[in-house]
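Start from the sequences, fold in the hints, and give me the full structure.
Its first residue numbered 38, the sequence shown is counted upward by one per residue in our numbering.
Derived by calculation from the structure, the hints in this document are not laboratory data. Don't take each hint at face value.
Computed Cβ-Cβ distance ranges for the label pairs, DEER-style [stated by the list, open to error]:
# : residue 1 : residue 2 : range
1 : ASP433    : HIS380    : 14 to 22 Å
2 : PRO333    : HIS380    : 16 to 24 Å
3 : LEU291    : GLU188    : 16 to 24 Å
4 : ASP89     : LEU291    : 45 to 53 Å
5 : SER400    : PRO335    : 22 to 30 Å
6 : GLU414    : PRO459    : 25 to 33 Å
Derived pair list, reagent style DMTMM-like, types lysine to aspartate or glutamate, alpha-carbon separation capped at 20 Å [said to hold, decoys possible]:
#  : residue 1 : residue 2
7  : LYS95     : GLU84
8  : LYS94     : ASP123
9  : LYS94     : ASP130
10 : LYS359    : GLU392
11 : LYS95     : GLU186
12 : LYS359    : GLU337
13 : LYS449    : GLU414
14 : LYS95     : ASP121
15 : LYS95     : ASP170
16 : LYS449    : GLU373
Since the model is a prediction, treat every value here as computed from it, not as a measurement. Yeah, the Cβ is synthetic: ideal placement off N, Cα and C, and Gly gets one too.
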Amino acid sequence: MSEDDEYGTDAVDSGGEAERTFAPLPPPPGRGFATSWWGRAWLQALEDTALDGQQLKKGRRLAREGGVGAVSVRPGRITAVVRDRDGTGHRSDVLLQELGDEAWDRFLDMAVERAGHIAALLDREMEPHLVEDAAGAGVDLLPGIGDLEPECTCGTWDHCPHSGALCYQVARLLDEDPFVLLLLRGRGERRLLDELQVRSAARAVRGAEGDAPEKAAGEGYGVPADEAFAAGSILPPLPVPPPVPEEPGLPPSLDTEAGPPSGIDPAALEVLAADSAVRAHRMLLEALAPEHGRQPVPAELTPEQDAVRMAADARAEPWIAKRLAEGSGRPRAELEAAVSAWHYGGAAALAVLDEEWDPDADSLARARARLAAAWEEGERPQLRAARARWTVAGADVQLRYDRDGRWWPYRKERGRWVPAGPADDDPASALAGASAGG
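So, in structure tokens, the structure goes:
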């Protein structure tokens with residue numbers, strides 16, 4: 038399966054390897070907990086490891102009742118907040134020894150030597166007999182007795198219900214994506230597949246040119262550039278890009294028992310992480326849109342503009358709005374008008390809200406010509422001009438002319454001019470929208 042399956046999202050880099058965070062899973066259907074060979078093998082290793090079977094039974098019950106929060110998987114460690122039936126949360130970690138570089142070299146060499154393994158892995162599949170062949174090469178993928186080391190804030194030295202619940206949840210993750218086990222052992226899926234492709238290509242080149250001498254002892258890992266270039270024509274095609282998620286992924290949860298360092302606000306970090314996910318999702322959609330490469334690169338936002346953007350995208354909790362108002366340099370009432378402008382047209386609409394400018398003679402002549410042509414004779418409303426703004430006499434509506442020749446409708450509310458709609462090339466259409474209520 039891909040790293041971007043429906044349960045998981047790639048997170049930040051951790052020591053050169055990807056960290057993945059998986060959203061909480063719904064309660065499992067039926068009586069069984071793991072359905073795949075990988076999930077059952079993981080649970081067998083867990084049950085062979087734990088000294089107290091009763092604690093594992095309690096952990097299984099917690100996991101079945103939905104007590105396990107988002108699960109973070111990174112090399113050598115899995116982490117989650119597990120809640121008891123009374124709602125008390127405990128940070129629980131389970132540690133598993135990472136494989137060393139020599140072990141990974143043996144594993145990769147074994148996979149490349151066996152055509153079935155290399156083909157399956159490059160198709161993002163892991164066959165169960167991979168474990169046996171890896172063991173034959175001196176590499177244990179699944180944990181053995183004593184390999185799963187629990188840590189929990191509840192203070193239990195052996196597996197407690199919380200670490201047991203976490204392990205049961207990991208078995209379900211392995212049902213969906215066995216590559217989670219390899220990440221836990223020290224290699225993210227992307228790096229592993231890249232190394233397999235390079236080694237496979239280099240092996241094909243050596244086979245075409247005759248047997249090549251073995252690497253000298255102590256030579257660093259890698260493939261000479263000329264070999265990699267020569268293998269370009271025999272590399273497998275790139276996989277089809279995964280489908281775009283319907284909505285942004287979930288950021289990691291910072292709800293832990295440990296207190297934050299001085300000067301760090303976990304709630305604010307969660308807001309920033311959620312905002313980053315929304316922006317990344319939006320950028321991906323834009324990148325895949327037709328003619329994206331021909332679109333101009335948008336100008337970088339100022340911190341004040343970015344605060345308005347975040348206010349337009351963020352949740353409406355009062356403390357968020359207060360801090361974003363401070364960051365935008367606006368009172369709360371003015372931030373609301375700025376957010377409306379952003380919804381109608383982003384940074385361009387925000388500039389129309391904030392700035393007053395004097396059109397030069399040519400721009401002013403074009404604006405007047407557009408106004409004259411917008412209405413039939415005798416239908417044009419009486420407009421009072423002030424710089425690049427035309428206000429309808431006797432009405433609380435206004436047109437603002439921007440530097441690109443577009444017209445923005447405004448309406449006066451509680452003594453303040455606020456945006457009333459998106460820009461329009463036709464001033465009559467823009468004014469009609471403002472007069473009708475936006």
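Structure-based check of all given hints:
1. In this structure the supplied range 14 to 22 Å holds for ASP433 paired with HIS380, their Cβ-Cβ distance being about 21 Å.
2. The beta-carbon spacing between PRO333 and HIS380, approximately 21 Å, falls within the hinted interval of 16 to 24 Å.
3. Judged by the Cβ atoms, the range 16 to 24 Å given for LEU291 and GLU188 holds: they are separated by roughly 18 Å.
4. In this structure the supplied range 45 to 53 Å is violated for ASP89 paired with LEU291, their Cβ-Cβ distance being about 31 Å.
5. The given range of 22 to 30 Å is respected by SER400 and PRO335, whose C-beta atoms sit roughly 23 Å from each other.
6. For the pair GLU414 and PRO459, the supplied restraint of 25 to 33 Å holds, since their beta-carbon distance comes to about 28 Å.
7. Among the hinted pairs, LYS95 with GLU84 is consistent with the structure: their alpha-carbon atoms are about 13 Å apart, no more than 20 Å.
8. Our distance criterion of 20 Å between C-alpha atoms is met by LYS94 and ASP123, whose separation comes to about 18 Å.
9. Restraint check for LYS94 and ASP130: the C-alpha separation of about 18 Å stays at or below 20 Å, so the hint holds.
10. Between LYS359 and GLU392 the alpha-carbon distance is near 23 Å, which puts this suggested pair outside the 20 Å criterion.
11. For the proposed pair LYS95 and GLU186, the alpha carbon gap of about 18 Å is at most 20 Å, so the pair holds.
12. Annotation: proposed proximity of LYS359 to GLU337 is violated, straight-line Cα distance about 24 Å (limit 20 Å).
13. Proposed proximity of LYS449 and GLU414 is contradicted: the alpha carbons are some 27 Å apart, above 20 Å.
14. At roughly 10 Å between alpha-carbon atoms, LYS95 and ASP121 fall within 20 Å of each other, so this suggested pair holds.
15. As the CA atoms of LYS95 and ASP170 are separated by approximately 35 Å, the hinted pair breaks the 20 Å bound.
16. Annotation: proposed proximity of LYS449 to GLU373 holds, straight-line Cα distance about 14 Å (limit 20 Å).
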